[in-house]
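Student: Residue numbers (this note's numbering), protein chains in the order written: chain Y, 1 to 318; chain D, 1 to 289; chain V, 1 to 352.
For the record, the hints were derived by calculation from the structure and aren't laboratory data. Certain hints may be false.
Unchecked claim - With a straight-line Cα cutoff of 27 Å, these simulated DSSO-like cross-link-like pairs (lysine-lysine) come out: (1) K44/D <-> K95/D; (2) K232/Y <-> K95/D; (3) K74/D <-> K33/D; (4) K205/V <-> K46/Y.
To be verified - A few chain V residues facing chain Y, derived, Cβ under 7 Å: (5) Q63; (6) G242; (7) F246; (8) N294.
To be verified - Anything over 10 Å on all C-beta distances counts as not near chain Y; from chain V, calculated: (9) D41; (10) R53; (11) N106; (12) S128; (13) K177; (14) K180; (15) L217; (16) A228; (17) S236; (18) D255; (19) E264; (20) V331; (21) I338.
No residue lacks a Cβ here, since even glycine has one placed at the ideal position from N, Cα and C.
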Amino acid sequence: MKQYTDTIKATAKRLLEDGTVDCFIGFRKGTMPMINHPVVITDAAKADTLYWDGNCGNNLALYLTGRKADEKIGIVATGCVSRNINLLIAEGQVTREQLYIVGAPCKGMIERRSVEAAVGHREILSVNEEGEKLIVEGKGFKEELNRADHLQRNCVTCRHHNPVEHNDILGSEVSEPAEAPVFTDLEEAAAKSDEDRWNFFQQTFESCIRCYACRNACPMCYCPTCFVDEAKPQWVGKSSDKVDTMTFHFLRAFHLAGRCTDCGACERVCPVDIPVRYLTNKLNRDAQEFYDYSAGLVAGERPLLDQYKLTDIEDFIK
Amino acid sequence: MCDNCSCNPYKPYPVRIEEIITETADHTLKTFKLVFVNPEDEEKFKYIPGQFAEISIPGQGEIPIGIATSPTEKGFLYFTIQKMGKVSGYIHQMKPGDIIGVRGPLGNWYPWDKMEGKHCVIIGGGCAFSTLRSSVEYMLHPDNRPKFKDIHVVYGARSLKHLLYEDKIIPWRERDDINMHITVDSIADNEEKPTWGCNVGFVPTVVEEKIKDPSDAIVIICGPPAMLKFTMPVLDRVGFKHDQIYLSLENRMKCGIGMCGRCNVGHQFVCKDGPVFTLEELGELPNET
Amino acid sequence: MTSKRFTKEAWGKAVEGLRESYKVWVPAKEGAHHFFKEYTDDITPDFEATKTRMSPKHTVFPQSERMFEYSLESSDADANIMKDTPKDYSPQAVVGVRPCDAYSFNLVKINFDNKEYRDPWWANRYESTTFIGMGCNEPCSTCFCDSVGSGPFDEKGLDVLVYDMGDAYVAKALNEKGEKALAAMNGGQDAAEADLTAAADMAAKVEAPSKVPTDKLRSQKLNDLYDADFWDELASGCLNCGACTFACPTCWCFDIQDESWNREGEVRKRQGDRIRNWDSCMFPLFTLHASGHNPRGLKVQRVRQRFMHKLKYYVDKYDGGTLCVGCGRCVEACPVNIDIRQVFELMNDFSK
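Can you build the whole structure from these sequences, using the hints too?
Tutor: Set out below in structure tokens:
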């Protein structure tokens, strides 16, 4: 995927110079291993600083909401990001006409925590992608890992590597796996007793510091005032109380029902490594099983909870 | 201000609401007369006009409100509160006899030492007049009046129904040791015209008409951003220097003692280094209010 | 001043022994990271750990702290009157704290304990805390403590400084508090002159790998930096998540909230607490007025506020160094790789 860099630079430069876009959303190479810096540039001269590799896991669709209605925006989009874009358009947050989407077929993003664990948490100074290998270097060590063993968990089960909507495309399409994603962690939890499952939830959210990075990184969380921030009435307490913390996470997941594309940005940004996708996956699976629906696959399709079909399940109506 | 405290600067003094005066016809502004539950607390609450206090309601929160009484008025405190958010909304439906808390006094105060021997120009708009009521009451007290030269007050409100403290400002008009210029933005045709001379016009216009001489004078100005924006050029034209003009700022506050970090403008905390700043000091700070 | 030499095993036992007279905090592993935790029976201290994910500021300044309690039940004589909550300020020791973190407490103290006001909870807890610090033989690649007034073996803020000599720890008391703590740590021998010289020699060779320029920060005009053109692009990727402020040892901003509930078993009889929680200038609500006006309603204004506060406002206000100790935690925690080291360069080297 590193070869996309040159094309992104040239495309951004051209689009900004000829006025097709007012701003371009992409990444710059990070100052730390395994992370890149999302950036919105407005100056064609800065297009040379853009970059792409397997550490571009943050969801750039995040930066589309709250912009001026007449702003023309260029954006690099992988499969999941392009689905978010479709949904943001359906939800009235941005129009298709505003956007120039540079599609990026994606082989999956690197999970830095997995690489860190693989080298025993010794300090990593650089990680280079060479084909299907990762060359990991640190103080006094150099190791070679298989890229495929260290992908973000949402990338491992991804079925939509290729952008579903784009103006341009950076490379040839990646083959999509045929089988349905396996929600093994959900199966495991479902098999637990109520008490064990409750304990599991408590432990999972034990270290949450209520920084809201998960919510802030999510392109679909764009409410002007989030429910946790309301004061009149105050729905949720603001301290690190366990019940308040779980309420925040559970309700946020429900607000994402049928809207989450499993881009993994929430898990990626959590500073204390909480597997927050656990909850959204449950709702994603429900959306699929009950309504045969996955967010943002079809441009122009209404959001899940915005439509009704006669074939919808009714067995919950007693 | 509490120096050398072994007391806790976050702990409010309990006070009882003795009286509630609805100041405006639309009920959005009420003045609360507060009396200390423990009389010895009044001794500890030594304040100077210009300061504010945190009104504290257990279960709701705290809000910073300017002290409207002068320290020359003993036995009670006045706070004029506009119904705006969670805490102010709650206090507006409280009753005499209810117990709340008062924390303070907080912040700095108007430059009384610099104002001695000078002419004083007091300009206020809307409900920001509270600390100016405190100031005028303080200056007119027989112990204090001799310290100051001429006093001019320009006080503007949206309409006759929005004038505060009519029990004070109208009698003040009758005195010969103060020049009161009360103005309202407009008087409607069907409104009864007041028997006392009320100007009609915006505060900046009245200031331009009535205040002519910048020499040997200090200006205190407190009001909504729009009023400030249009009054500053007038003061410039009259010839006031920026270190002669004092403003009282507002900002979102929580602790009120310069610790929670939220009310800063540049490197100054509005609650502790302010709320009173000279225009010259503000010029060195970012334009972030 | 006393100095003692401990084998690594003896050190472990000595720290455990400290629990008899102090509440002890130690770095311990949880998941992929280390945090300072209370040394209870189920905790295994790890003194070989480099940087903890979160700073040790919570040992003196907990994330949530009950300030007062009150009854809202009108039939109670003390209804609506704030009462102190019981607090425990018995002696505590933070063992394994790094010099950068110890120095951060000195910087934060100016905020919470100054000539005008004293925050009783922060100040009392700080005064009851002994900092037994571990110097850094191999600072992390993101550390730049040397540039900002601290250093891998800097003594500011510490009561005891410990040198890791490979096979042993050499612990040097720096003041009376340190003497007392070291006296309570058994199983070590008095350090020999040679031990101390070897330790000092080792320390002198260690440098923080990263450097930032700070020489022009004081002389820069505040409003010039405020109005600079680099903020928009710098802030464009920021999520305003606040991870930087939570991880940062010198971030102290807090919120005050009243929370009320029904008394146990007595519906309709209510009581509550006034609580202090960590807050963040990164959050949009931080400066939101009840009227709806927000002086820092735009993301770029908030990002600018954070860096201006750390690198300029604090410098101007207290006529000293920056409010950054160079620990590098924000660089590691930021999910969009906003790097404060780049901001130091942008601000220090800025010219109109």
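Student: Each hint: holds or not?
Tutor: Here's how the hints hold up against the structure:
no. : hint             : in the structure
1   : K44/D <-> K95/D  : 26 Å, holds
2   : K232/Y <-> K95/D : 21 Å, holds
3   : K74/D <-> K33/D  : 12 Å, holds
4   : K205/V <-> K46/Y : 40 Å, violated
5   : Q63              : 5 Å, holds
6   : G242             : 5 Å, holds
7   : F246             : 5 Å, holds
8   : N294             : 11 Å, violated
9   : D41              : 18 Å, holds
10  : R53              : 7 Å, violated
11  : N106             : 24 Å, holds
12  : S128             : 23 Å, holds
13  : K177             : 30 Å, holds
14  : K180             : 33 Å, holds
15  : L217             : 20 Å, holds
16  : A228             : 15 Å, holds
17  : S236             : 4 Å, violated
18  : D255             : 7 Å, violated
19  : E264             : 15 Å, holds
20  : V331             : 6 Å, violated
21  : I338             : 7 Å, violated
The structure fails to meet hints 4, 8, 10, 17, 18, 20, 21 from the earlier list, while all remaining hints are met.
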